[in-house]
Amino acid sequence: MKTLLILGGGTAGTMVANKMSHHLDPLEWRIIIVDENETHYYQPGFLFIPFEIYSPSDVVKPKRDFYPSNVEFVHSQIEIIEPDDNRVRLTRDNRAIDYDYLVIATGSRIVPEETEGLTDNGWRENVFDFYTLEGATALNRFLKFWKGGRLVLNVAEMPIKCPVAPLEFLFLADWFFHERGIRDKVELVYATPLPGAFTKPKASSILGDMLKDKNILVEPDYMIMEVDHDKSVIRSYDEREVPYDVLVSVPVNMGSEVIDRSGMGNELSFVPTDNHTLQSENWENVWVIGDAADVPTSKAGSVAHFMLDVLIENMLRHMEGLDPLPKFDGHANCFIESGFENGILIDFNYDVEPLPGKYPLPGFGPFSLLKESPVNHWGKMMFRWIYWNVLLKGGEMPFESQMTMAGKWN
Amino acid sequence: MTTKEFAGATMEVNEEGFLVDPQMWNKDIAVAIAKEEGIDELTEDHWKVIEFCRQSATDNGAAPTLRQITSGTGITTKELFKLYPKGPAKKVAKISGLGKPEGCV
Ligand SMILES: Cc1cc2nc3c(=O)[nH]c(=O)nc-3n(C[C@H](O)[C@H](O)[C@H](O)COP(=O)(O)OP(=O)(O)OC[C@H]3O[C@@H](n4cnc5c(N)ncnc54)[C@H](O)[C@@H]3O)c2cc1C
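Same order as they appear, the protein sequences are chains A and B. FYI, the numbering for the first sequence is 930 to 1339, going by the working numbering. FYI, the numbering for the second sequence is 106 to 210, going by the working numbering.
FYI, nobody ran anything at the bench for these hints, they're computed from the structure. There may be inaccurate statements among the hints.
Over 10 Å on every C-beta distance to chain A, these chain B residues come out as not near it, computed from the model [stated by the list, open to error]:
1. 118
2. 126
3. 131
4. 141
5. 147
6. 148
7. 159
8. 160
9. 162
10. 172
11. 190
Label pairs and their in silico Cβ distance ranges [to be verified]:
12. B:148 to A:1150: 16 to 26 Å
13. A:1254 to B:133: 44 to 54 Å
14. B:148 to A:1027: 44 to 54 Å
C-beta: ideal position from N, C-alpha, C; glycine also.
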């Protein structure tokens, strides 16, 4: 019996388990998936919880519901990976698993302790994150009774998963406070390490204009040094102080601790991975998918989905002694919720920045690229259903894995 | 493409003043660019960072990020901001004759 071992049973790991269970002969292969958490979180839904669009029950389901019956699920923390010996050690019962092929899908997590003072007294009182269910729920409780003041959203450092989420948060906050009738009592500030609204020029300028229209102030090139809870200010390395009444932080994002413990990560504990084949740069039977990989594209569920077919094909090729194909192009596409039941869609890859146009059918859409439309908003809301019912199960989606220029204009 | 004179040599630079060809770089040019960026003297610590960045770019094909510099040199972010005020990653990339560090997506 040969073993395919999947580490992490979140978005990417679940998709790989489902796809691979169709491809591998159960008489020859056993597939094992390990995760320390029995609950699957629909992370894109965290964004909506502070604003009462979703409640916590909308974003959680048992992980086991999504694994195929011929895959063994082990509920345990992964202690260490020993890639030179093709072995992984688990915390539970000190179990060790020898593998023939390993898929790393351990995602990324927030590490607020990386920022001085962030988890001091005010943490989850008037300092929040919304990248965890606990953080988003605590923020919801706070905003319910908030009478207004200065809300500062700070991104500590790039890269972060879903790099558009901070913008969406601000757009939704603008809408939410309008609805509550207190928008005139709320100042919204975006302190970002980026030089503007987004990483790529065209999208940055369009999204930057939207921030301006919605009266959201931008503090660009802002590298946070510390949170000074006593004075209620954040301070940057170049000594800029930004005062807040409520601070919403997107803390430093890093790969799983097990990557670090195993000495397999870069300076942020992401795994060095070939940008186009998704094979580990150091071990040929180790493959990496989703947020855990250090590839220079967005960390997003949609990206994990576009990686999936390339990863599966390349692993199957490798099992037959063929070379992997460099097919992954960094394709990402993200719905950006812009408030007032509107949304924007962006579509890009390693080489081509987000451009205006129509998606997925050139000329028709129904989604508009880099432009606000109600259809884009409904796309985002529908995404939750698609995520639970199609995406996780490795079902077919009406999009190509590789980006296309059809239907776009410069 | 614009050109600019550094330490007696004419260099091609992009619209933000970054050298187009990192191969044309030498230490005199670094000193000249640093002066333009408001750094009058390059100390040992400055050079340590520059050398790390040159090496990192040779290995990885791109100028390193702030975190790569701090974890690679052992110099803290705070010290780095003292050495290269305002945006250190960008500033040191420029002085090292490298392209602008890619904004992460
Ligand atoms: C607020 C927010 C909004 C987002 N919005 C969008 C969006 O609109 N569109 C989009 O496409 N994406 C969005 N994303 C990103 C998306 O959720 C992630 O990119 C995606 O879930 C990544 O999948 P993954 O499998 O790589 O990681 P995850 O789904 O995070 O899975 C990693 C798994 O590994 C397990 N694990 C890690 N370490 C260990 C260990 N040592 N032992 C055992 N188990 C371990 C974890 O328990 C987890 O289950 C958003 C994310 C956030 C936080």
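Hint check results:
1. 118: holds (19 Å)
2. 126: Consistent with the label, residue 126 (chain B) stays out of reach of chain A, its closest Cβ about 21 Å off (over 10 Å).
3. 131: Non-interface label on residue 131 (chain B) holds, nearest chain A Cβ at 29 Å vs cutoff 10 Å.
4. 141: holds (19 Å)
5. 147: holds (20 Å)
6. 148: Given a closest Cβ separation of 19 Å, the condition holds.
7. 159: holds (18 Å)
8. 160: holds (15 Å)
9. 162: Fine: 15 Å to the nearest Cβ keeps residue 162 (chain B) off the interface.
10. 172: violated (5 Å)
11. 190: violated (7 Å)
12. B:148 to A:1150: 16 to 26 Å: Check passed, 24 Å falls within 16 to 26 Å.
13. A:1254 to B:133: 44 to 54 Å: Given range 44 to 54 Å: holds, Cβ gap about 46 Å.
14. B:148 to A:1027: 44 to 54 Å: holds (52 Å)
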